[in-house]
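Asks: Here is how the chains run, residue by residue.
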Amino acid sequence: MKLLKNKKKVEKNTEIRFLQDSLLIDNAILVLGDLHIGYEEYITKSGIFPRMQFREIIEKLNSIFWDLSMEGRKIKKVIILGDLKHEFSQISDVEWSETLKFLDYLDEKIVKNKENKKISSVNANKSLKNERIILIKGNHDTILGSIAKKRDVKLVDYYKYKEICFMHGDKLQQKCFEKSKTLIFGHLHPAITLFDDYKKEKYKCFLKGKWKNKRVYVIPSFSPISMGYDLNSIENYQKDEFLIIKNKELLNFEVIIYNNKEQREYNFGKLRKLVY
Amino acid sequence: METIKKYPRAELRKASEIISILNPLVKEWFFSRFKDFSESQLYGVMSVHERKNILISAPTGNGKTLTSFLAILNYLVDIAMKKELENKVYCVYTSPLKALNNDIFVNLVRPLEEIYKIAEEKKIELQKIRVSLRTGDTETKEKVKMLKNPPHILVTTPESLAIVLTSKKFIEHFYGVEFIIIDEIHSLGNKRGVYQTISLERLEEISKISPMRIGLSATIAPLDEMANFLVGIERECFIAEVSASKKLDIEVLTGVRDLIDTDGNELHNSLYGLIDKLIQEHKTTIVFTNTRAATERVINHLKDMFPENYIENIGAHHSALSKEYRFEIEEKLRKGELKVVVTSTSLELGIDIGYIDLVILLGSPKSSARALQRIGRAGHKLHDTSKGRFIVVDRDDLVECSILNKECKERKIDKINIPKNCLDVLAQQIFGMAIQKVWDINEMKRVIKKSYCYGSLTNDDFMSVVSYLAGEYALEHRNIYAKIWYDSKTKQIGKRGKLARVIYLTNIGTIPEESFITIVIGQGERKDHKIGVVDESFLEKMKPGDVFVLGGKKYQFMYTKGMKAYVKAGIKRNPTIPSWFSEMLPLSFDSALEINRFRYLLNERFERKEPLEKIKEFIQEHCYVNAAVSNAIYNYFNEQYKYSKISHEKRLIVEYYKGEKNYIIFHSLYGRRVNDALSRGLGYLMGQKVGRDIELGISDNGFYFAGENLPIDEALKLLKPENINEILEEAILKTEILKRRFRHCAARSLMILRNYKGRSKSVGKQQMNSFFLLNAINKISRDFPILKEARREVLEDLMDIEKTKLVLKWIEDGKIRIEKVQTSLPSPFAMNLVLQGYSDLLKIEDKIEFMKRMHKEIVKEIKEKEK
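If you read the protein sequences in the order shown, they are chains A and B.
So for the first sequence, the numbering used here puts the first residue at 1; every next one is plus one.
So for the second sequence, the numbering used here puts the first residue at 1; every next one is plus one.
Hints in this document: simulated from the structure, not taken from any laboratory.
Accuracy of the hints is not assured; some may be wrong.
Unchecked claim - With a cut-off of at most 27 Å between alpha-carbon atoms, the simulated BS3-like pairs for lysine-lysine come out as follows:
(1) A:LYS202 / B:LYS117
(2) B:LYS128 / B:LYS82
(3) A:LYS76 / A:LYS150
(4) B:LYS568 / A:LYS248
(5) A:LYS212 / A:LYS199
(6) A:LYS171 / A:LYS208
(7) B:LYS564 / A:LYS246
(8) A:LYS200 / B:LYS568
(9) A:LYS200 / B:LYS82
(10) A:LYS261 / A:LYS179
(11) A:LYS60 / A:LYS200
(12) B:LYS88 / A:LYS261
(13) A:LYS200 / B:LYS564
(14) A:LYS199 / B:LYS568
(15) A:LYS200 / B:LYS689
(16) B:LYS117 / B:LYS88
(17) A:LYS179 / A:LYS76
(18) A:LYS202 / B:LYS734
With the hints as extra help, turn the sequences into a complete structure.
Replies: Laid out in C-alpha cells, this is it:
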C-alpha cells in the first residue's frame, strides 16, 4: 500500500468490518466498547458468586485473535471506546488488577504482531509504543488516569484515525467531529429484541446510519455479562437521551446482528420497523 | 419410594391424673378459667410432664397452645415456689407467625399474671418467671436485656432462633434447655421448616440436657412423617390425633342453575348476588379467593353492586399488603368491626381473628387439608360448628369442589410434601454454624444429618456446599468472597472475615423476595396512572401486544422501563397471557385421584345406561351435594359422554382437535404438579424430534400441545419412569421457572447478598441482579450445588416428579390405558383448558436459528413492500 493521495480515496480505502461485538478497521485496528470491568463485582458485592466476566472477555478476545490469525491478519492497534471499567468513584482491588491484566493481555497480543511486522511491513508504523492501545475516556472512567499511567497507554477524550473519529458517545467532541466523515461510538450498549407470536429473544446489535452528514456506527458493549439496552422501546424514552444522537434520529439507523457461528452479519433494516 | 417411620399413638389420659400433677396454684388458676380439660390437653399435658416428645394434631380452637404450656408452666411454678429458678432458658417456643403478641398474651402472659395474682392472694412467694418475645422487630435494647437476664420462656420465630444460635453470649443461656415447642408445624412443610430442623439440632447440640419436643399442628397428613420431621432421625415421638370436636356444616353452592348456558354477565351477577346474600345473613364472613388479584376484584365488585352494604365494613387481607394494614384488619376483625374480609390465603394460619360465623370458599381451595383449614376459621371456639360454603365459578370447579366437599366430610386429608436435602438452606446453616464456632467437619455433618430433611444427604453434596462456601468455585480471585474456611488436613471448618456475622444477620431467611413491576397506563387521558403491581416473572412472559387481566380489567402490554410496565387500557380482545399463573395453587394429587375415581364411577353408570334420576341420586350421595349441584354435574358429564369419552382412573383420553393449529389435549387429571412434569417431558421429546418450539397449556385437569408437527406417539414410547428425571433436567434448562427458582436459591445461599454493610439493595439493582443471574445460569457448571438445588426445587417442589413416575408406571403396567379420540371442536372437558390459552412455550429452537428465521421474514416483508 502506498501513501494515500486524497481524502476521497482515504474514505474508500478505509475498510470497516463487523466482528463479534467489535469493529475491525483496515484489518489492523480493533475497536472495543464498554467493557465495564468490575461490573460483576459491583453487582454481586460480597456474595459468593462464581466470577466469570474477566475470563469470558479474554476468551472472546482469544477467539477474535484466533480468527484473525487464521486469515493472516495482525492487529496493530486496539481502540477502547470508553467505559473500560465500571465503578465511578473508586477503583476496587479487583477492578485494579483486572484492568491491568487486561491491558497487559492486549499489549502482548499487539506486541507479537508488531514483531512480525518489523519483518514484513513496508509501511513502517509511525505509532509510538504507547499508541498501541488507545483508551478513550468514558463516563465511567473518571479515575482511570493512574492505571493508564502505570501501563503507559494513551488516555484521550477522542481519537482520530484517517477520516474516522472515535468517541465514547456521551459528549460531542467538536474538533474531531468537524474533521471527520465517519463517527464510531460506544456508550449506548445497543441491543434488540426480536419476537413473533410466541416468543422473544434479545440480541446485542450494531447500529449503522447517517447523522449530520456523517456515517455513524454504534457498537455494542463487549462485556459478556451486559446484555445491552433494549432499543425496542426507544421511542418511549424521549426523556432519557443516552447518546449525543437523539433517540428519534436513531430510529432511522439500521440494526445489524452479527452471528458469530457463521461469521456474518444480518441486517434487519431500520430500527423504526422493529420498535414496539 | 421411601417408607415412613411409624410412631406410637398417644393415649387419652384421665383428668384426675393431670389434676394430681398440677401445682395447687396452677390447678386453681386452670379451673378458674376452664370447666374441663380439652381433648388435646388430655392427650398432651401428661406427655409433656413425662418429657416424652409429642406431636399434637388438632383442629384450630382446641387449646393446643395452652396444652403445650400447661405442664411447662406447672413445672416452672413448682421451681419458682422453691425459689430454684435458674438463670437460663427453659423453654424455646417458635411460631412461623410474625404477629405473635396476641396469641402469646392469651396463652402465656395472661395465665402467668393470673397465677401470680392467686399466689399473691394466698401470700405465697413466687420467683418471677420471665417470658420474652424475640422477633425481627425486637429492639436492640430488649435484646441486650435478654443477654443479662435470659427469659425462662423464649418466644421466637425460625429466623430469630437461627440468629440467637450464632450469638456466643446468648447461647450460654441455652446450656439446659428442657422444652422446645414448634407451633403451626403444618405450615412448615417448606424451606422455612427445613431450615428450622437444623436449628433444632444445633440447639440440641448446645444444650447439655436433650430438650423434649412438642409439635402443634392443624389437621394434616401423614402424621408419622410430620412426627419424624419434628423429632429428627433418631428420636422417638408420640402422636396425638385429636378428633374434630367441631361440627362441620359444609355445602357446595352454584350461583346459577347451569354454569354453561348462562352468559357471562348473568353468571357474574348471580355469583355476587349469592355472595352478598350469604354475607348479609351472617355476622362476620371470610371469603377465600386463592389469589391476590381475585381478592381485589371481589371487593370492587361487591362495592360496585351493593354500595349500600359495603362501605367501611369490608377489608382485604393478602401478602402484598403492608404489615400495618394487615394488623389493622386483624384488629378490626377481633373487635367485630368488619362484616366481611376477603383474603387470598394469608388468613389460613392460626392468627387470632375473633369470631367468624361463615367461611366462603370462592373457587376450589385445591386440597382437602386446605379446605378444612379455611373452614376451621369459622366458629373458633371448641364446640362451635364450622360453617363453610364452596361457591363454584365454572364446571371444572364444580366437580372439584364437590369432591373436596366429600373429602372434608369423610375427613380424607391429602398428604403434604416436605422438601429434602435442600442445598441452599444447607449453605445458610453451615455458614451460621461456622459463625458459632470452629467445627470438626464430621461433627458438623453428624449434627446436620440428625434432621429429618437431611438424613439422606450424600457426602458429595455436603462437601460441594462446603467448597462453594469456601470460595472454591470463585475461579479467579483469592477467595476474598469466601464465607468460610475449611482445612482438609485438620478437618476443621470456621467462618471467614470480620463481617461474617453481620452478613449472616442481614441476609438470613428462606422466603424469597420477589420484585414487583408497577403497571402504568402509557397513553390516553389516564396516562401515567398506576393500576397495580405484578410479579416480575409475570412480565418476563410478555411480548408487546399481549393482553392480560389485572384487577378484572384487560390491558395490552406496550413496553417496560425500569421497574414500570406501560400498557394500553380499554382493551376488548381476549387475554393472551393467563392471569396470575405463577400464583395459582396446584390441585393435590390425592384429591385429583379422588376425582378420577368419581369420573370412573359415573362413566360406569353412563355405560350401563342407568336412568338419569338414579345417576343424579348417586352424585348426590357420593359427593354429599344438593340436587341443583348434582344436576349440573350430571349435565356436564352427560355432554362429555355423548360428545366424546370420559377420561377416568383407568383410562387417559387423548383428544386430537384441529383448530387454527393442531391440538393434542391430554385429559390427565393429576393436578398441575404432575401435569407440568408430564407435559414438559413429552413436549421436550417431541421438540427434539421436530426442532421447533411447541406451545403448551397446563392446568390441573390436563394439558395440551399445539404446533404443526407433533410426534406424540414416539414421545409416549420414549418417556419412562426411569428416564423422566434426566429428560426433565434437560427440558427445564431454558425455562423461566428454572431461572426464577435459581434466583431464589442464589439469595438463600448468599451467592448474592440482599443486604451488605447496612445497605439494602434497591429494587432496580435487584432487577439487575436477577438479570445477571439469568445470564450466569447457562455458564455455571451443572454440578454447581446451588444450580442443582434450583433444579431439585423445580422437579420436586414445584412439579411432583415422584407422582409423575407413578403415573408413568401405571401407564406402563396397563393400569391406565391411553385412548385417542378425534373431535371437530374441543370436547366439554377440554374446553376450559383450551380457552385458558397457552401458558408456556417449550423452547427448543436455537436462539440463532430464531434470529435467522426472523431475518428471513423481515427481508421478505421488505421485498414485498418494494414491489
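Asks: Each of the hints needs a verdict: does it hold here or not?
Replies: Consistency of the hints with the structure:
Restraint check for LYS202 (chain A) and LYS117 (chain B): the C-alpha separation of about 71 Å exceeds 27 Å, so the hint is violated. Note on LYS128 (chain B) and LYS82 (chain B): the hinted pairing holds, with a Cα-Cα distance of about 12 Å set against a maximum of 27 Å. Distance check on the hinted pair: LYS76 (chain A) and LYS150 (chain A) sit about 21 Å apart at the alpha-carbon level, within 27 Å; holds. With a C-alpha separation of about 22 Å, the suggested pair LYS568 (chain B) and LYS248 (chain A) falls inside the 27 Å cut-off, and the hint holds.
Distance check on the hinted pair: LYS212 (chain A) and LYS199 (chain A) sit about 37 Å apart at the alpha-carbon level, beyond 27 Å; violated. Among the hinted pairs, LYS171 (chain A) with LYS208 (chain A) is consistent with the structure: their alpha-carbon atoms are about 19 Å apart, no more than 27 Å. A C-alpha spacing of about 23 Å is found between LYS564 (chain B) and LYS246 (chain A), which places the hinted pair at or below 27 Å, so the restraint holds. This hinted pair checks out: LYS200 (chain A) and LYS568 (chain B) have alpha carbons roughly 20 Å apart, not beyond 27 Å.
Distance hint between LYS200 (chain A) and LYS82 (chain B) is unfulfilled; the C-alpha atoms sit about 74 Å from each other, more than 27 Å. Of the supplied pair hints, the one linking LYS261 (chain A) and LYS179 (chain A) is violated, its CA atoms being roughly 37 Å apart against a limit of 27 Å. Proximity of LYS60 (chain A) to LYS200 (chain A) is assessed by CA-CA distance (about 25 Å); at most 27 Å being required, the pair is judged to hold. Of the supplied pair hints, the one linking LYS88 (chain B) and LYS261 (chain A) is violated, its CA atoms being roughly 68 Å apart against a limit of 27 Å.
Proximity of LYS200 (chain A) to LYS564 (chain B) is assessed by CA-CA distance (about 19 Å); at most 27 Å being required, the pair is judged to hold. A C-alpha spacing of about 21 Å is found between LYS199 (chain A) and LYS568 (chain B), which places the hinted pair at or below 27 Å, so the restraint holds. Only pairs whose Cα atoms come within 27 Å are accepted, and LYS200 (chain A) paired with LYS689 (chain B) is accepted, the gap being roughly 22 Å. Distance check on the hinted pair: LYS117 (chain B) and LYS88 (chain B) sit about 24 Å apart at the alpha-carbon level, within 27 Å; holds.
As the CA atoms of LYS179 (chain A) and LYS76 (chain A) are separated by approximately 23 Å, the hinted pair is consistent with the 27 Å bound. With a CA separation close to 14 Å, the supplied pair LYS202 (chain A) and LYS734 (chain B) stays within the 27 Å bound.
Against the hints set out earlier in the document, violations occur for numbers 1, 5, 9, 10 and 12.
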